[in-house]
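Asker: Read off the chains here:
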Amino acid sequence: MITLKVNDKSYQVDASPDMPLLWVLRDLLGLTGTKFGCGVAQCGACTVHLNGEAVRSCVTKVSRAQGQNIVTIEGLSLNNDHPLQKAWAEFDVPQCGYCQSGQLMSAAVLLRENPNPTDQDIDDAMSGNICRCGTYPRIRQAIHKAAEMQKEGGKS
Amino acid sequence: MNDQKTVSRRNFLKAGAVLSGGLLISFTIPHANRLLAQDAATSFAPNAFLQIGTDNTITVILSHVEMGQGIWTTLPMIIAEELDADWDKIKVMHSGVDKAYNHTVFGIQITGGSSSTWSEFDRYRNAGATARVMLTQAAAKRMGVTVESCTTKNGYVIAGDKKISYGEVAGDASALPAPQNVALRPPAQWKLIGKGAKRLDASVKTNGQARFGIDTQFPGMLTAVVAHAPVFGGKVKSFDASKAKAVPGVREVVEIPTGVAIIADHFWAASQGRKALQVIWDDGPGINLNTKTQVDAYQKLAHTDGLKAAKKGDVDQGLAKASKVLKAEYVFPYLAHAPMEPMNCTVKLSDRKCEIWTGTQLPGLDQAMAARILGMKPEQVTMNVVFLGGGFGRRATMTADFVSEAVHIAKASGKSVKMIWTREDDMKGGYYRPMFVHRINAGLDAAGMPVAWRHNIAGQSIMAGTPFEPKDGVDSTSVEGIADSPYMESVPNHFVGLHTTKEVVPVLWFRSVGHTHTAYVMETMIDSLAHAAGQDPVAYRRKLLQKSPRHIAALDLATQKAGWDKELPKGRYKGVAVHEAFGSYVAQVAEISIDNGKLRVHKVTCAIDCGLAVNPDGVKAQMESGIIFGITMALYGELTIEKGQVQQSNFYDYRMARMNEAPEIDVYIVDSTGKMGGAGECAVPPTAPAIANAVFAATGKRIYNLPIMNTPLNHIS
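As given, the protein sequences belong to chains A and B, one line each in that order.
For the first sequence, our numbering begins at 262 and goes up steadily by one.
For the second sequence, our numbering begins at 350 and goes up steadily by one.
What the hints contain is simulated information worked out from the structure, not anything from laboratory work.
Among the clues, some could well be false.
[Claimed, not checked] Taking lysine-lysine pairs in the PhoX-like style, the calculated list, with each CA pair at most 20 Å apart, reads:
1) B:820 - B:660
2) B:584 - A:322
3) B:624 - B:448
4) B:702 - B:764
5) B:490 - B:511
6) B:624 - B:584
7) A:406 - B:547
8) B:547 - A:347
9) A:266 - A:322
Please model the entire structure based on the sequences and the hints provided.
Answerer: Printed below as a string of structure tokens:
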């Protein structure tokens, strides 16, 4: 059995140590907000936070996550009120929406580390997340907006 | 547009019967809609577009599916406008399969062809208007006032100082006869249509709650992956499942018509099982397929005249008399749609029924195919259509490919299964935008205007083998954007010919379909002709497009906003393209730089004439989306085949445009009273040629083979 702490909740899972965290989250814990897009750390749809760092859960063995602090999209905020989530809704960012969990999880780390990101910073932090619907221009706008909201105390 | 129009389809309108206090408006004879019956917690079977609950919730039922294009918001806007609904009380759901939800023009239940808004505009307006009249009548009676003294606002019927909510009179309203003559709101009174509303699906798509097909889970469900033949058209000769079955979590291995399925407790076990599975394949003749030989063969074909798709005057004579003849040959590769959500389908089988969860653009056809495979009647198969994690045409196959495959697995194993394709399965699994070769001889007169144009196209037909197969052998999706181009119309002597090839590779419509290649050919050729004529590319286009004011309106708006006549900063170059697709006219100006051979698209200025833009910000979002999609296609999109196998497998060798490659995009909507067109696809076609024309401006080099990344670039200045 492997002990996992996900979104402040403790879970015991019966999984082989090399099973990717993505499939543990989705198939064993039922946390389907984290998405499968490529399986090889190319698209970022599976991005979660491991001790506050954005990792690609599709290539992260569950053994590496054991006992660590895991946050998924379901745990990004209590009431869908992270500044990024609010900005995402304000700019109507999502289209099909499939990649957006990963986009948000990547952006959340960027915004925490860099409260005032430039366009270049956004390029650097977000280019690992593919959006086939092409929502990049709105993601960029929304990150800038969330940065403003965070400055004004909108942080949840 | 449809200003003071009354309900034109009133003969089809009738109010559904109602149980326990809900009003339903339906358009055909009501019968079972399981989805709604569950949701309403009644035994009522409505077959409708709208349900008003006694708790004042308003449920809009979508005949078209949400795959990113925003129809989850646009159709409710249209209904709410006429209903005077409280926008905050709107709930939305996909319909089940029912004739009532057939496309108003295409006749089957389909989301495609950039048609969801224009094809439902009248039907959803009528649904809302009829409901409002009936609610008003019921409320007037309840309040003891005349109908004429009542108005409606935000979910209430109001008469003087009295008001009553829609929910309170929903039951009464449902007992009334459907009105025969319902006036629609004149545009001057519109509060939503043409103004816009926020996406109703934004919230669930930011917190992980949105349910896609791949998120389906229920007790007892297993997960399957399939080992497919590596070569197109290949079959299983024999297989040994012993090692696969030894993988912990693997439950069963079954042969199905498309390969061998490994069924396991979860995806990871199934995929490990697939690695351990040993299959001997019968490759079949597909083994001989190579991109290079295919291109050679298509090029030979394109040197001869194909089946006539368009003809005017005498092209031989026209070319013989021309002052100058330009020749060009273009090659376009196969393309995979690569929606972010890989193909998947979940099937739950019991004795006499089958339940399916998937994201699909063709639920009715999927249902029929599933029923055929299972020996059931279609009504024994329930389709639960969830959010689509991207479609782009891939989730609309006439073979119902991924649904059929999942049903076969369930049938062969007797298990409830969720079948998941990996990214590699998707990339190598066919159903591509076909490969095409175009060859053009274009003759100019002394003034530099085209007087003769011979154009031959070679490639596979998307429609061949489907019920839509053309009788005359000319698949319109292979020649659209050329045979019907206003440029071609303006050329007095022209011939457009089509060679339809046959290959083992399954092909499919792909966002903007034939326009993906035809717009590129036309818009780069016209640019070449303008250059040969020594004329400005915009002025040259305007001359040729005189009979098409909507092309010109889009072109003028885009070039004016982009500052076409102004000098760009050093190192920046611009290109233009304008193209009509799916009833909308889109012009784009791309601004690029080339630094050490690396192309960068800095800015795209886009103008669209789509007639009435019901949700303008939604239209803008689709333009942004199409442009990024077009950039991917222009710069990177290419699948190649060797010995019958696709050489690319995932995003590292089938690249997508990323955040750092996304240009600034400015979108402008032409204020237009023209016929409504679509928005989902029409932004894709002009992007690649606008970029390529900018590359020409920078380098003097014409790109004839896509993607652009295959051509080394060095600018001339």
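Asker: Look at each hint and say if it fits the structure.
Answerer: Going down the list of hints, with the structure as the test:
About 18 Å separates the Cα atoms of residue 820 of chain B and residue 660 of chain B, which keeps this hinted pair within 20 Å; it holds. With a C-alpha separation of about 35 Å, the suggested pairing of residue 584 of chain B with residue 322 of chain A is violated against the 20 Å cut-off. With a CA separation close to 43 Å, the supplied pair residue 624 of chain B and residue 448 of chain B exceeds the 20 Å bound. With a C-alpha separation of about 13 Å, the suggested pair residue 702 of chain B and residue 764 of chain B falls inside the 20 Å cut-off, and the hint holds.
For the hint pairing residue 490 of chain B with residue 511 of chain B, the CA-to-CA distance comes to about 12 Å; that is within 20 Å, so the pair holds. For the hint pairing residue 624 of chain B with residue 584 of chain B, the CA-to-CA distance comes to about 18 Å; that is within 20 Å, so the pair holds. Only pairs whose Cα atoms come within 20 Å are accepted, and residue 406 of chain A paired with residue 547 of chain B is accepted, the gap being roughly 17 Å. At most 20 Å may separate the alpha-carbon atoms for a hinted pair to count; residue 547 of chain B and residue 347 of chain A meet this at roughly 13 Å.
Restraint check: the Cα-Cα separation between residue 266 of chain A and residue 322 of chain A comes to about 15 Å, which is no more than 20 Å; the hinted pair holds.
The structure shown violates the earlier hints numbered 2, 3.
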